[in-house]
Amino acid sequence: MSAVVGTVPDQDFPLVCGNVRVSEQNLFIDNHCVAVNRGTPALLATAAKACAFFGADPPMAYLAGDIGGGGGSRKVYAYLEQILGQCRYESITFHYIQPDVDWHNRVLFAVEDMHPRPMLIADAGFMYAAKMSGQAAAYAVFTPDMGELAFLADPEAPHPFYTRGFIFHEPHRVKELIASAYVHGNASRYLLVKGKTDIAADENGILNTVSQPVVPAMEAIGGTGDIITGLISAFTGLGKDSLTACIQASAVSRLAGKLADPDPGTRVMDIIEQIPAALKRFFEEK
Amino acid sequence: MFENTSEVIGAENVLKKGGWRIRVMGPPPEIRTGCDLVIEFPLVSELEIVRTLEEAEITPLQVVAVSDGLLEPVNVFFTTDYGEFLMVQAANMKITVDKRDLTVVNISGGGCPDVPYLAAQMVGRRLDQAPEPRSIGHTLCGYALQLAFEEITRKCLP
Numbered sequence: 001m002s003a004v005v006g007t008v009p010d011q012d013f014p015l016v017c018g019n020v021r022v023s024e025q026n027l028f029i030d031n032h033c034v035a036v037n038r039g040t041p042a043l044l045a046t047a048a049k050a051c052a053f054f055g056a057d058p059p060m061a062y063l064a065g066d067i068g069g070g071g072g073s074r075k076v077y078a079y080l081e082q083i084l085g086q087c088r089y090e091s092i093t094f095h096y097i098q099p100d101v102d103w104h105n106r107v108l109f110a111v112e113d114m115h116p117r118p119m120l121i122a123d124a125g126f127m128y129a130a131k132m133s134g135q136a137a138a139y140a141v142f143t144p145d146m147g148e149l150a151f152l153a154d155p156e157a158p159h160p161f162y163t164r165g166f167i168f169h170e171p172h173r174v175k176e177l178i179a180s181a182y183v184h185g186n187a188s189r190y191l192l193v194k195g196k197t198d199i200a201a202d203e204n205g206i207l208n209t210v211s212q213p214v215v216p217a218m219e220a221i222g223g224t225g226d227i228i229t230g231l232i233s234a235f236t237g238l239g240k241d242s243l244t245a246c247i248q249a250s251a252v253s254r255l256a257g258k259l260a261d262p263d264p265g266t267r268v269m270d271i272i273e274q275i276p277a278a279l280k281r282f283f284e285e286k
Numbered sequence: 001m002f003e004n005t006s007e008v009i010g011a012e013n014v015l016k017k018g019g020w021r022i023r024v025m026g027p028p029p030e031i032r033t034g035c036d037l038v039i040e041f042p043l044v045s046e047l048e049i050v051r052t053l054e055e056a057e058i059t060p061l062q063v064v065a066v067s068d069g070l071l072e073p074v075n076v077f078f079t080t081d082y083g084e085f086l087m088v089q090a091a092n093m094k095i096t097v098d099k100r101d102l103t104v105v106n107i108s109g110g111g112c113p114d115v116p117y118l119a120a121q122m123v124g125r126r127l128d129q130a131p132e133p134r135s136i137g138h139t140l141c142g143y144a145l146q147l148a149f150e151e152i153t154r155k156c157l158p
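Chains as they are written, first to last, in the UniProt record's numbering: chain A, 1 to 286; chain B, 1 to 158.
These are calculated hints, taken from the structure and not from any lab test. A few of these clues could be false.
Claimed, not checked - Selected chain A positions facing chain B (in silico; Cβ < 8 Å):
id, residue
1, Asn37
2, Met127
3, Gly205
Claimed, not checked - Subject to a maximum C-alpha distance of 25 Å in a straight line, what follows is the list of computed BS3-like cross-link-like pairs (lysine-lysine):
id, chain 1, residue 1, chain 2, residue 2
4, A, Lys258, A, Lys280
5, B, Lys16, A, Lys196
6, B, Lys155, B, Lys16
7, A, Lys196, A, Lys75
8, B, Lys17, B, Lys155
9, B, Lys99, A, Lys258
To be verified - Which bits of chain B does chain A cover? Going by a derived footprint, with three or more residues having C-beta under 8 Å, they are:
id, stretch
10, 53-65
11, 77-85
12, 105-111
13, 137-147
Note that CB positions come from ideal geometry on N, CA and C, so glycine has one too.
Start from the sequences and build out the full structure, keeping to the hints where you can.
What follows is the structure, encoded as structure tokens:
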């Protein structure tokens with residue numbers, strides 16, 4: 001079983017912990033409802049649909065409302081520090097959380113008390129915190145895009161916002177950036193670099209690439225990266241190894257994108273709705 | 001240095017309105033606490049700057065003298081033309097508008113918790129009717145989106 005940790009963009013949303021289910025355009029945790037637009041709800045909706053496809057339990061969600069002030073994120077951090085030692089998960093995915101190095105480290109200490117130790121996946125703000133903490137090697141998977149890869153490759157950059165020595169949209173530099181991220185200890189065991197071609201890599205370099213089908217509009221749609229991370233979360237929760245989970249997640253998300261036939265104005269839920277069909281097609285073809 | 005990025009954005013607004021020539025930058029490693037921004041100004045103006053901020057009830061945590069080490073925020077934009085849609089990227093943030101009616105149709109990228117909130121507030125509104133990220137955002141990702149928003153507005157709204 002997997003767990004997903006993140007936030008929802010509603011200041012009044014309380015700290016909640018529970019299994020999720022998806023209905024229409026909404027995500028439900030216990031009696032709480034949140035729209036599936038983007039961010040952690042999009043990740044959870046994807047993971048829930050994937051788990052349902054395989055007849056598995058949905059992911060456990062740890063969520064609080066946060067619109068950027070950081071209060072909800074700190075509630076989640078503090079709760080995890082208290083309870084993780086008593087929890088058992090195959091994998092934990094950390095997502096849209098206010099980056100905070102001190103709180104990150106306290107949560108990571110709590111993870112070290114878990115038996116067995118879960119596979120750790122980090123995306124979005126928590127990936128920034130993991131890199132800034134110098135603890136990237138504790139993670140199985142990071143899922144950066146090209147800009148975030150450049151951030152991982154730059155030992156001094158505290159956030160992708162800074163231009164210090166890194167340039168976006170330079171896919172020919174991807175090998176160099178991956179190498180730099182590992183040399184400086186800023187990469188997880190595996191990286192899944194999201195882009196026109198998705199690239200799976202480790203400290204030895206590129207291991208696999210997925211480039212088909214091509215759906216250019218996906219780059220503009222908020223939440224498409226959350227779909228990939230949600231699929232990785234579901235797959236690792238089902239016991240797949242992290243590299244296989246990355247490669248299959250990339251392929252399935254592309255298939256879902258193709259099935260949705262999106263334009264740059266498409267909402268991510270329209271792609272998430274295609275996840276079961278994409279899973280069926282991918283695993284039937286295999 | 002300030003308590004949080006929201007205060008930096010507020011301080012920038014106050015000081016720019018007051019005619020001060022300041023820059024929003026990243027702090028050197030020795031004074032970082034997380035995803036930080038700082039306001040850079042000539043040290044000679046410290047008293048006036050701090051007084052202006054205190055009058056606006058935005059009191060900095062500290063004023064630090066540095067000769068170098070400030071990080072330069074992104075100032076390069078990438079534009080993708082999809083025909084009926086236009087996307088502008090600044091750092092890790094992207095904003096896409098429908099060129100036919102200038103409606104914001106998507107916001108993507110970033111990792112801080114205000115990104116989904118900003119998207120919820122901006123998507124579906126015309127560029128000239130959407131709230132600016134600087135007015136409701138809190139983080140570096142929100143700040144990057146502000147830059148992308150300004151750039152796409154410059155391109156789309158004469």
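Results of checking the hints against the structure:
A least Cβ separation of about 6 Å between asparagine 37 of chain A and chain B falls short of the 8 Å threshold, and the interface hint therefore holds. Below 8 Å, beta-carbon pairs count as interface contacts, and methionine 127 of chain A has one with chain B at about 7 Å; its hint therefore holds. Interface restraint check for glycine 205 of chain A: the shortest CB-CB distance to chain B comes to about 24 Å, outside 8 Å, so the restraint is violated. With a CA separation close to 14 Å, the supplied pair lysine 258 of chain A and lysine 280 of chain A stays within the 25 Å bound.
At roughly 39 Å between alpha-carbon atoms, lysine 16 of chain B and lysine 196 of chain A are farther apart than 25 Å, so this suggested pair is violated. For the suggested pair lysine 155 of chain B and lysine 16 of chain B, the alpha carbons sit about 23 Å apart, so the restraint of at most 25 Å is met. A C-alpha spacing of about 36 Å is found between lysine 196 of chain A and lysine 75 of chain A, which places the hinted pair above 25 Å, so the restraint is violated. Among the hinted pairs, lysine 17 of chain B with lysine 155 of chain B is consistent with the structure: their alpha-carbon atoms are about 24 Å apart, no more than 25 Å.
A distance of roughly 23 Å separates the Cα atoms of lysine 99 of chain B and lysine 258 of chain A; the hinted pair therefore holds under the 25 Å criterion. Coverage of a stretch by a chain is defined here by at least three residues with a beta carbon nearer than 8 Å to that chain's beta carbons; for the stretch 53-65 of chain B and chain A the count is 0, and the condition is violated. Three residues within the 8 Å Cβ limit are the bar, and the stretch 77-85 of chain B against chain A gives 5, so the coverage statement holds. Closer than 8 Å: that is the beta-carbon criterion, and the stretch 105-111 of chain B has 7 residues meeting it against chain A, so the requirement of 3 holds.
Under a criterion of three residues with beta carbons nearer than 8 Å to beta carbons of chain A, the stated coverage of the stretch 137-147 of chain B is upheld, 8 such residues being counted.
Going through the hint list in order, the structure does not satisfy hints 3, 5, 7 and 10.
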